[in-house]
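Using the hints, position chain B against chain A.
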Amino acid sequence: AQSVSQHNHHVILSEAASLELGCNYSYGGTVNLFWYVQYPGQHLQLLLKYFSGDPLVKGIKGFEAEFIKSKFSFNLRKPSVQWSDTAEYFCAVKPLNTGGFKTIFGAGTRLFVKA
Amino acid sequence: DAGVIQSPRHEVTEMGQEVTLRCKPISGHDYLFWYRQTMMRGLELLIYFNNNVPIDDSGMPEDRFSAKMPNASFSTLKIQPSEPRDSAVYFCASSLSNSGGADGELFFGEGSRLTVL
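Going down the list, the sequences are from chains A and B. Residues 1 to 115 (the working numbering) make up the first sequence, in order. Residues 1001 to 1117 (the working numbering) make up the second sequence, in order.
Worth double-checking, as some hints may not be accurate.
Unchecked claim - In silico lysine to any residue, SDA-like type, Cα no more than 20 Å apart, as pairs: (1) B:LYS1024 to A:GLN42; (2) A:LYS102 to B:SER1097; (3) A:LYS114 to A:LEU13.
Claimed, not checked - Calculated from the model, a selection of chain B residues having no Cβ within reach of chain A, i.e. all distances over 10 Å: (4) SER1027; (5) GLY1028; (6) GLY1042; (7) PRO1061; (8) LYS1068; (9) ASN1071; (10) PRO1081; (11) GLU1083; (12) ARG1085; (13) ALA1088; (14) SER1095; (15) GLY1109; (16) GLU1110; (17) VAL1116.
Stated by the list, open to error - Across the chosen pairs, the derived CB separations fall in these ranges: (18) A:ASN97 to B:GLY1028: 20 to 28 Å; (19) B:SER1066 to A:ALA16: 46 to 54 Å; (20) A:ALA17 to B:ARG1064: 44 to 52 Å; (21) B:SER1073 to A:GLN42: 22 to 30 Å; (22) B:GLU1014 to A:SER18: 42 to 50 Å; (23) B:GLY1028 to A:HIS10: 33 to 41 Å; (24) A:ASN97 to B:ASN1052: 18 to 26 Å; (25) A:GLN42 to B:ARG1041: 34 to 42 Å.
If you're looking for bench data, these hints aren't it; they were derived computationally from the structure. Beta carbons: idealized from backbone N, C-alpha and C, even for Gly.
Next up, chain A with everything else stripped away, as it sits in the complex:
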């Protein structure tokens, strides 16, 4: 079955620290890849997405992610986090050419940034 694994459930960082959140998926075909963010008490919103082309994609608020096809990974990075980045981050995968339109989410990583 298709699945998405996020390596860390909880991450605590100090402001200005660098961030990397791991994401791996299990699907051998073509995929669209997403990172969504959920700020406390809010709904999920798109942070960035990869469909094709340059495997290094840039999103909002200084986030970027790199698609490594050989590793089935789509890790999220930010060079210097801010207190306002405290949120839960979800990696999501949409397999293509399956006849369906499902997006599968990872379990999420809760990031807490200390001021």
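Relative to the frame of chain A, chain B by itself:
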């Protein structure tokens, strides 16, 4: 655009009662999804519709759950009878497909927080 609109935002009910959650997708979007979020299970896809037709309901927990989409601008998720383990945040999301299905970005509503006592 107003975005995806869900109601109610909060619902507290007693075990055995019927619960109806409502969703208005973004106008023009042809896909609608119902997700459930809990601490234990994360974000689970319950069911999704394409052009008002249910496509995949394999995530619906059991027969107590049902979903409908009578038209392009309205969907309901009903739980009857409700149980304490149904307590969760229920999100509705909509999406717009394009040729080849190369999109798929989901636009989420604010969610409906359900507490079943």
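Hint check results:
Annotation: proposed proximity of LYS1024 of chain B to GLN42 of chain A holds, straight-line Cα distance about 18 Å (limit 20 Å). Of the pairs offered as hints, the one joining LYS102 of chain A and SER1097 of chain B holds, with about 12 Å between alpha carbons and a cut-off of 20 Å not exceeded. For the hint pairing LYS114 of chain A with LEU13 of chain A, the CA-to-CA distance comes to about 6 Å; that is within 20 Å, so the pair holds. The non-interface label for SER1027 of chain B is consistent with chain A: the shortest C-beta to C-beta separation is roughly 18 Å, beyond 10 Å.
Every beta carbon of chain A lies more than 10 Å from that of GLY1028 of chain B, the smallest distance being close to 16 Å; the non-interface claim holds. Chain A draws GLY1042 of chain B into its interface by the beta-carbon criterion, the shortest separation being 4 Å against a cut-off of 10 Å. Non-interface call for PRO1061 of chain B relative to chain A: holds, since the shortest CB-CB distance, roughly 17 Å, exceeds 10 Å. For LYS1068 of chain B, the shortest C-beta to C-beta distance to chain A comes to about 19 Å, beyond the 10 Å cut-off, and the non-interface label holds.
The beta carbon of ASN1071 of chain B sits about 19 Å from the closest Cβ of chain A, which is more than 10 Å, so the claim that it is off the interface holds. Non-interface call for PRO1081 of chain B relative to chain A: holds, since the shortest CB-CB distance, roughly 28 Å, exceeds 10 Å. At the 10 Å boundary, the C-beta of GLU1083 of chain B stays outside the reach of chain A, the nearest C-beta of that chain being 23 Å off. Chain A leaves ARG1085 of chain B outside its interface by the beta-carbon criterion, the shortest separation being 19 Å against a cut-off of 10 Å.
Distance check on ALA1088 of chain B: its Cβ is at least 14 Å (rounded) from any Cβ of chain A, clearing the 10 Å threshold; non-interface status holds. For SER1095 of chain B, the condition that its CB be more than 10 Å from all CB atoms of chain A is violated, with the nearest at approximately 7 Å. Not every C-beta of chain A lies more than 10 Å from that of GLY1109 of chain B, the closest at about 6 Å, which undercuts listing it as non-interface. Its closest Cβ contact with chain A, about 5 Å, brings GLU1110 of chain B to no more than 10 Å, contrary to its assignment away from the interface.
Every CB of chain A is more than 10 Å from the CB of VAL1116 of chain B (nearest about 21 Å), matching its label as outside the interface. Our hint of 20 to 28 Å for ASN97 of chain A and GLY1028 of chain B holds, since their Cβ atoms are close to 24 Å apart. Taking 46 to 54 Å as the suggested C-beta distance range, the pair SER1066 of chain B and ALA16 of chain A conforms, at roughly 50 Å. Taken as a hint, the range 44 to 52 Å holds for the pair ALA17 of chain A and ARG1064 of chain B, whose Cβ atoms sit roughly 45 Å apart.
The hinted window of 22 to 30 Å between SER1073 of chain B and GLN42 of chain A holds, with their beta carbons roughly 24 Å apart. Checked against the hint of 42 to 50 Å, the C-beta distance between GLU1014 of chain B and SER18 of chain A comes to roughly 48 Å, which is consistent with it. The given range of 33 to 41 Å is respected by GLY1028 of chain B and HIS10 of chain A, whose C-beta atoms sit roughly 38 Å from each other. At roughly 24 Å, the beta carbons of ASN97 of chain A and ASN1052 of chain B sit within the given window of 18 to 26 Å.
For GLN42 of chain A and ARG1041 of chain B, the Cβ-Cβ distance of about 20 Å falls outside the hinted range of 34 to 42 Å, so the restraint is violated.
The earlier numbered hints that this structure contradicts are 6, 14, 15, 16, 25.
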